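**Student:** Using the sequences provided together with the hints, build the complete structure.
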Amino acid sequence: MAQVAGARVIAPEGEPLEFIYKGRRFHVHAVVSRWRESGGWWNRIDDGRLKKGPLEDVIFDDGGKAIWRVEAAPEGALATFEIELDEITGKWQIRPTSRPS
Amino acid sequence: MKLPFTHLTLASGYSFKYGTALPHKLVERAAEQGATALALTDRDGAAGAIRFAKACEEFGVAPILGVNLSFLQKKYRVTVFAQGDGLGALYRLITSINLSEDKLLTYKVLTSASQYSSQLILAHGVESQLAAAINARRSEEAMSIYGAASDLFATQVLDCTSHLRAGTGPYSTTYAARMLGFARDHNLPAVLSNAVRMLDRADGPIADVLDSARKLVPLHHKHVERSNSEAYLKNPAEMAWVGDEIARAAGERNGNRLLADTENLAQRLRLSPRRDIGLGAIHLPHIKDPTELRHRTRAALSRYTGELSVKAAVRLEEELETVTTLGFEPYFLSVAAVADMARARGIRVAARGSGAGSLICYLLGISGVEPISQGLLMERFCSVLRAELPDIDIDVESDRRLEIYSAVFDRYGFKSDKYAPGDNSSTATVAMVETYKARHAIRDVGAALGIAPMEIDLIAKSMPRIRSRNIQKALENLPELKSLNLNSPMLKMAISLAAKLDGLPRHLAMHPCAVVLSDPGLLDYAPIEMNASGYPMLQFDKDDVEAVGLLKLDILGVRMQSAIAYALDEIKRVDGVDVEIDQIPLDDAPTFDLIKSARTLGIFQIESPGQRELVGKFAPDTFTDLIIDISLFRPGPVKSDMIVPFLNSRQGLKPRDLIHPDLYDVLHETEGVVVFHEQVIQVISIMSGCTLAEGDERRRKMGSPEGQIEVRDWFYPAALARGYTNSVIDEVWEILRSFASFGFCKAHAAAFALPTYQSAWLKTHYMAPFIAGLLTHDPGMYPKRLILDEARQWGIEIKGIDINKSDRNYLVEKVLIDGDTRAPYAAPDLLSTGKSLSLPDARGYAIRMALRDIAGINDGEVEGILRSRPYLDLADFVARSSASRPICEALIMVGAFDELHQLDQGALNRRDLLLHLQDLYKLSSTSMRGTATNQMVLGLTPPPLEASGLPALSSAEEVRHELDLTGMDISRHMMEFYGEFLNHVGAVRSSDLIHKRSGESVLVAGVKVALQMPPIRSGKRVIFLTLDDGYGCNDVTFFEDIQQSSGNLLFSSTLFLVRGEVRRTGPRGISLRATQAWELTDSYEKWRNLRVYEPEHG
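Chains as they are written, first to last, in this note's numbering: chain A, 1 to 101; chain B, 1 to 1098.
Read the hints as simulated data drawn from the structure, not as lab findings. You can trust all of the hints, since none of them are fake.
Now the in silico label distances, taken between C-beta atoms and shown as ranges: (1) N254/B with A77/A: 26 to 32 Å; (2) E225/B with D47/A: 21 to 27 Å; (3) S272/B with L78/A: 54 to 60 Å.
Anything over 12 Å on all C-beta distances counts as not near chain B; from chain A, calculated: (4) G6; (5) A7; (6) I10; (7) A11; (8) P12; (9) I20; (10) R24; (11) V28; (12) A73; (13) A79; (14) T80; (15) G90; (16) I94; (17) P96.
Note that the structure is a prediction, hence the values are computed from the model and not measured. C-beta: ideal position from N, C-alpha, C; glycine also.
**Tutor:** Below, the structure is given as C-alpha cells:
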C-alpha cells in the first residue's frame, strides 16, 4: 500500500502486518480484535473537506475508520497497539494501548 | 470457488423511515452478487412484499418473506418467516397484531394467534430478548424464552449479526459470538445475517437522516442507530469474512458451518412468486349464481327499441361470451351490487373510465352512457386476449361516499360495527404509498441538520411538487432563492441529501377511493391494518392489489354529483317538479347555446379558462361534440397540436382530408383527426382485418418504441394484403404512430361528458337551484364569490344571511321580478356567425345565503341555531341559540338580524345591535355569578335595544365585513367601488370585450379568481390570469416577456388593472395578451389623490 503521511504501516492485503513506531519496526503477532467506526459527518460539514462541484458529487465525510487492536513486538515482550486507518484520507495512526486485549 | 450467501434479514425502504433502499435495487444488487435467493424482512409490515416479489421474478432470485416485529413494548425485535404455503399465516399474524389493542406483538397476541404462528419460523436476532439474555449471561432465562416460543412457532433459529462495532454490545462480534456459543452449547440452530438496511456502505448518512426524521430529533450520536456503515448488502465474500470472524470468536476454526446452516435455512424458506405469493392469481368474490348476469342483462334489453334493439341483442351475446369465457361474472355482478346499494340509498352513481364502453355495464345500471350509438367498444375495456381484471370506477356524491363504504363493509363480512375484519372478511380499503418528494425531503433533512427553519421554509415553499431528484434544477430556476447561498456547504449537503431521499416511502396512507372485493380468503392474500379513519386497509397499494388478482373498485366522491343531487332536491322543494336528470334528452338546443356562449362557469369539466376558450372556438352542438371537447382538452393533444387541424376543419377553414373511404365512418365525427383509442382500434381492425380485441392488443403494444416496430411490421403486410395502397398505409400509419402516446379512451370521455351535459342542462333550465347546489358543495375550481356573482349576472337575486330564513345550505327562494331586478346576461348577436344564441332567463328566483359559510361557525352551532328558530329578536337569539359570542357578532356584521330588527327603517343600525349584544353578555355574566348556574337566565328582563346615534356602516364597510366573514361579496360586487375610477380610465367590461377588434389595446380590471400555469407546447411558462369584474371573466395571458415585470404581482395581489391586446380565437373565443399589469388599489389611490388635489391645481 502506498505510504501516505502519517504512520507507516505495511498492510499488503489491507490487514496490518508490520509497522514503524518511534523509529522501530514492529511485527504484528496477533490481531486481538478489529472493528469499524464511522458517523458524525454532520459535525464536519463546514470544515471545508466537502468536495466542490455539482451536487451529485457531494461527498459525505462519514469519517469511516477501520481499527485493529494488535499484539506486536520488535523483540522481547509483546505490546498492544491500536492501528487505525482513516478510510477517506488513507492515513494511518498508531496508538500504544495499556489495556491488554 | 464462489460460495453463495443468502441475506435473511433485510429492511427495505418499506420499513418506513428506516431502510434506505427500494426492494427493486436490493434484489438487483443481490442478483449481481450471484445470490439465488433473498429475504425481505421489513419492520412491522409487509407493504413492500409484492414489489419485492415482482423484482425477484424479474431478476430470477427466489423470494423469502418475513417480517421484523417489535416485541414487548418495542424493547426487542424478532423476525418471523413464512415457509411453503404459509404466507397467509404470516399475513394473518401481522393483521392480528394490527388489530390488537396496542398494535404490538405480545405473548397475549401470540397465544391468540398461535394457529398462524405455529406455521411460521422465528428468528432471534441481534435485537431479540433471547440475545439480550444470552449476553447478560442469564442462560436459564434464555432457555425459558426459547422454550416458550417453541410452543408457538414451527421452528426457531438464532440469527447472529456482527456489524464489527467496537466493544461487546449488540452488533459487535463478541455479542454475535456469544449467541453462536450459546446455540452450540444447547444444540440450537444458528444462522448468519447482516441486518441490512442500506444498499451501499456510503448510504450511512441517509440512514442517519431517516433515524432523525423517524424520531423527530436533530442529528446527534445519541439518536442515530449506527456507529459505522456495515449494515449494507455485503457480498458473499464479505459475509464469509464476517462469518469467520464470529465463528472464530466463538471458538470455531471458521464460519463454514454457520454459512452452511444459513444456506440450508434459506433453501427451506424460499417461496414461489406465483404459487406462494400469488402473483398472477385472481380472487373474485363468491357469487351464488353466475347466470344472474345473463338473466339480468337480457331482461334489461327491453329498454332498446327499433333498429338499435337488434344490434344491442347481438352485442350483448358477444359481451356475455367474453365475460363467461373469462369467468368474470362475479366481477360485474359485484360492481353492480355496489351501484345498486348506492341507488337504494338514493345516492347518485355514475361509472367512469373504459367500463362505460361495455353494454353490460350500461344494462346493469353501472354506466349511464348508451354505448352503441356513441361507438364505444367493449374491447377497450375487457377482452379474452387480455385476461386481466378490467378496472371499473364509479363516481358517487362526494358527501355521501362514506355511506357507500359503510354499506360495502356491512355486506362483505365484518364482525362488528367497528369494521374490524373477521376471519372471512372479503373487503378492505387499499393503501397508497406516500413517498419522499422534494418538499418533504428538504424539510426532513433541514430539521435533521438543524438548518434555520426560515431558510428551509423558503426552499421548501418554492419547491414545486416535483421529485426530489430534480431539486437542484428547480432551485436554479427560482429567482426568489437568489438571496440564499446555495453553494454554502450546509445547504449543498442538505440539497444533496434530500435528493438521495427521493422516492423512498414515508408512510402508508389510505387510497382516497379504492376498496377491494374478494373471496372470503382476503386475509390470506394481504396483511391488513386499521387506518386513521377507522377502516381496515390492506398494506398493499393498487399495483400490488392488481398483481395478486384482487378486484379493486374505485368509489370516487364527485362533488358535482352532490351539487346535482342538491339542485334536484331544491327544484322539487321550490317548483314541485321531479326532474329525471338521467332521462333528459341529450340534444337540448338551449343547453348547447349556453355552452357555446362560453358562459360555462360551474359546469362540470368545461369551466376552466382554457376550456371556456375552447368551447368558444369549438362551439359544440351535440353530445358527441362534448365528448370530443373533453378529449381534446388535455396536455397530450395540446402538445401534439391535434386541436388546430381539428378546429380548422370544424370551422370550415380547411377541408378535411379523407384518407380512405373505408375509414369515413370511424373518423368523420372528429373531422378526420384521430382523437380516441376506439378509433385506433377500429382503424387497425378495418385495415388489417383483425378483430377489435386484437386491434386493442396492437394499440396497447404501440405504447413502447419496440412495440411500435413490431406492430408496424405486422400492419403493413396485413393492410397490403387487403388491397390498401402503400401511400394510404403510410399515411394511416403515421397518424396511428403519432397518436399512440396521447389518445383518449372515448368511453372515459363519454362517461365524463354525461355530468358535463347534465350540469349544463341544469344551469340552462334551473339556474338558481343549480347554483345553490354549486355554492353548497363547491365542486369547481373557482372561489365561491365568483359563482355567486355568476348568479347575480343572470338576474338571480342574492339574499343575505337571515337568522330566521337562512338554512345550513344555500336555499332557493321565489321572488317577484320588478324594476330592481338585474337584466340577465345576454349574448351579443354576432354578425360574423349569423347565429344568435338563446340564453336562459333566471329571473324570479333568489339564492339565500347559508349559515355554514360564516367563518368559524361549526356544525353544532348551525344545528343549535336551526333547532330553536324562529327568534323574536337578538336577545331571544342570544338566550336560546347556543351560538358563541364571536358567531353572534359575525351574524350581526353580515346583516343576519337586519330584517328581524327592521334596520332598513333607519332607526337602528348594526352598530346598535353590537352594543346591545355587549349589554346582553354583561347581563348574563353578572346573573351567572349570582346564581352560579351555567344557563342563560330566563325571566330576567333583557336590557333595552336603543339607538346609539352612531352612524350606520357604509356599503363599502358592509362588503368588507361580508368578505372577511364569508369570503363572498354578498350585498354587491366588490368592483362596484372602483366603478367611477374604471369609467374614468376607460376600462372595458368583460361582457363588452367581444365587441373589440382583434389586436386592439384595452384596459380591463377585476378580482383574481384563477391563476394557472398549464403545460404548453413550446415548454415555456405561460401564466393565465382570470379576472372577475362583475360582468363575467377576463382571461388574460402573460407570456415570458411580461412575467419579469409582473410575475410577483400576479402571485401576491388580488385586485388588478391590466392593459392587454385583444385576441379573437373563434366565434366567441376571446382572450387578452397582457402588456402591463398594476395592482388596482394602488392605481385607484393614485388617481384619488390626484383628484383631491386637482381643484387646487385647476
